[in-house]
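Participant: So the protein sequences, as listed, match chains H and E.
Under our numbering, the first residue of the first sequence carries the number 1, and numbering increases by one thereafter.
Under our numbering, the first residue of the second sequence carries the number 1, and numbering increases by one thereafter.
Hint data in this document are derived by calculation from the structure and do not stem from the laboratory.
Check the hints yourself; a few may be wrong.
Claimed, not checked - Below, simulated DMTMM-like cross-link-like pairs (lysine to aspartate or glutamate); rule was C-alpha separation at most 20 angstroms, straight line:
#1 Lys-351/E with Glu-29/H
#2 Lys-227/E with Glu-43/H
#3 Lys-74/H with Glu-29/H
#4 Lys-19/H with Glu-43/H
#5 Lys-266/E with Glu-357/E
#6 Lys-46/E with Glu-43/H
#7 Lys-58/E with Glu-43/H
#8 Lys-126/H with Glu-177/E
Unchecked claim - Short, incomplete list of chain H residues facing chain E, as computed with Cβ under 8 angstroms:
#9 Gly-61
#10 Glu-159
#11 Ile-161
If you're wondering where the values come from, they're calculated on a predicted model, not measured in any experiment.
Just so you know, even glycine gets a beta-carbon here, dropped at the ideal spot from N, CA and C.
Now for the letters of each chain:
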Amino acid sequence: MNDNILLKVDGAPSLEELKAAGMLPSIDELKGRGCVCIECIEEIPCNPCETSCPQNAITVGNPITNLPMIDRTKCSLCGLCIPACPGLAITIKSMDGESARIRFPWEYYPLPGKGEIVDMVDRMGKVVCKGKVLAVSNSSSNNRTAVITAEFPSAFIQEVISIRRNYG
Amino acid sequence: MERDNKPAVVIGAGPAGLCAAIELKKAGAPVILMDENSKPGGQLFKQIHKFFGSREHKAGVRGFDIGKELLEESMTSGIDVRLNTEVVGIGQGLSIWAVENRTHAYTMDAAKIIIAAGATENALSFPGWTLPGVMTAGCAQTLINVHRVLPGRRVLMVGSGNVGVIVAYQLLQAGAEVAAVIEAAPQLGGYGVHTAKVRRAGVPFYISTTVAKAEGVECVEHAVIVKVDSKFKPIEGTERMLDVDTICIAIGLTPSIELAGLAGCKMIYVPELGGNMPLHDEYMQTSIPSIYVAGDIAGVEEASTAMEEGRLAGIHAAWSMGFLSEQEMLAKTDIARQRLLALRQGMFGFKRLSAKERIVLQGKSR
Numbered sequence: 001m002n003d004n005i006l007l008k009v010d011g012a013p014s015l016e017e018l019k020a021a022g023m024l025p026s027i028d029e030l031k032g033r034g035c036v037c038i039e040c041i042e043e044i045p046c047n048p049c050e051t052s053c054p055q056n057a058i059t060v061g062n063p064i065t066n067l068p069m070i071d072r073t074k075c076s077l078c079g080l081c082i083p084a085c086p087g088l089a090i091t092i093k094s095m096d097g098e099s100a101r102i103r104f105p106w107e108y109y110p111l112p113g114k115g116e117i118v119d120m121v122d123r124m125g126k127v128v129c130k131g132k133v134l135a136v137s138n139s140s141s142n143n144r145t146a147v148i149t150a151e152f153p154s155a156f157i158q159e160v161i162s163i164r165r166n167y168g
Numbered sequence: 001m002e003r004d005n006k007p008a009v010v011i012g013a014g015p016a017g018l019c020a021a022i023e024l025k026k027a028g029a030p031v032i033l034m035d036e037n038s039k040p041g042g043q044l045f046k047q048i049h050k051f052f053g054s055r056e057h058k059a060g061v062r063g064f065d066i067g068k069e070l071l072e073e074s075m076t077s078g079i080d081v082r083l084n085t086e087v088v089g090i091g092q093g094l095s096i097w098a099v100e101n102r103t104h105a106y107t108m109d110a111a112k113i114i115i116a117a118g119a120t121e122n123a124l125s126f127p128g129w130t131l132p133g134v135m136t137a138g139c140a141q142t143l144i145n146v147h148r149v150l151p152g153r154r155v156l157m158v159g160s161g162n163v164g165v166i167v168a169y170q171l172l173q174a175g176a177e178v179a180a181v182i183e184a185a186p187q188l189g190g191y192g193v194h195t196a197k198v199r200r201a202g203v204p205f206y207i208s209t210t211v212a213k214a215e216g217v218e219c220v221e222h223a224v225i226v227k228v229d230s231k232f233k234p235i236e237g238t239e240r241m242l243d244v245d246t247i248c249i250a251i252g253l254t255p256s257i258e259l260a261g262l263a264g265c266k267m268i269y270v271p272e273l274g275g276n277m278p279l280h281d282e283y284m285q286t287s288i289p290s291i292y293v294a295g296d297i298a299g300v301e302e303a304s305t306a307m308e309e310g311r312l313a314g315i316h317a318a319w320s321m322g323f324l325s326e327q328e329m330l331a332k333t334d335i336a337r338q339r340l341l342a343l344r345q346g347m348f349g350f351k352r353l354s355a356k357e358r359i360v361l362q363g364k365s366r
């Protein structure tokens, strides 16, 4: 019934599954200005990414269970789709030499502070490297989904998805 | 057409009931909305996550904000909302028997009845399941999102459907730790985007696994989980202990059909939608003319589908009471149906769509 085996066993997709779904940008695509990464590999009825995009760079179409397609030539990397995605499945990644950046959605308190050193995690929640918070955006249009920008070593650009949550 | 001046009575002020009442009121029909709770909104005010769907389904809007919008709409349109009012019976000739504030009982004749009573969470019994700390996922969600109380520090979630995974995420947001999400089936049930956000927070998922027992003196101190075979039998020697003080059960819901049963509505058994439920046609009419069902009572789905089913029932009831022309009714019905169809697509929606089609096929020939 389902080709996304690890997604349905571990809860998160593997890099291979993302690649097979056409949702893992290549290192070349990530270099320079970078690109939007949408990790939405199941057909669920959902299209706010499409309607949030001022450039019409994301297409879901009809039926709304289609997987989102991104036209990278149209994308301005504005990042409005990041907090718009109810599945928190969109990030923007870029790399320049040894350094990489990620902009990702965040819905936990406390919010990290600008300049804070944080643990970067992979899709399984494993800490893979340290990173530094460059910006925290939580404007009212985000509807309570903050968008964090963090910097980390570019060797981990494919693995990194978020930061470790602090609690307790 | 003669207009019926007796009111339409909508039972249950969750997403389905609110939308049904709003459609009736918009058409100008007299409508009374009853709910046993002290606040309307059903489960919507516990839903702090952003909804899926498209703009028409309020995608991207958080559940409690959708609840607020519906509530405002019902208040400004002047719907007679009766809270703390439990409907305990439906008699011959569409007579409603209601109890207000647990003290004052009265009866009332309705022109139409829309039952939007929702669903009840399924329980799971295992040694230790009566210890304080074992609760349904909905209970934990009510505690954290309505009462702002953390039920425990470290939680085991039993069940990986959307309810289990969403509540696990909300427990993390509320400041708890989630020790694991376990699933008896050989694959996870919920949307991948939901499981992925819980997984990246470091929460492990264990498939083919169930809870063997909960142990503790005065409350849950730990849980023992165990692998199960393809027939869901525990595999000896695979037990492991998890340090948790809370065990949440999210293994599905069953339509709350008591009132429909009392009224004599014919039932149909549809396991993929939660068990027994009233047979209904494409307008949400049951086997008893003038009694409608909408939302989880008509098959467990989600708030987005419940809202559209509520609209379908409200629109048809308004038409049959003489408050909408047939043309208006058909046009409005068509819009609601298109939206429902959009929500029942894809690998997750397909099963629900075919189950719903089965009900309607039998419901038409009632």
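Participant: Which of the listed hints are broken here?
Facilitator: 1, 2, 6, 9 and 10
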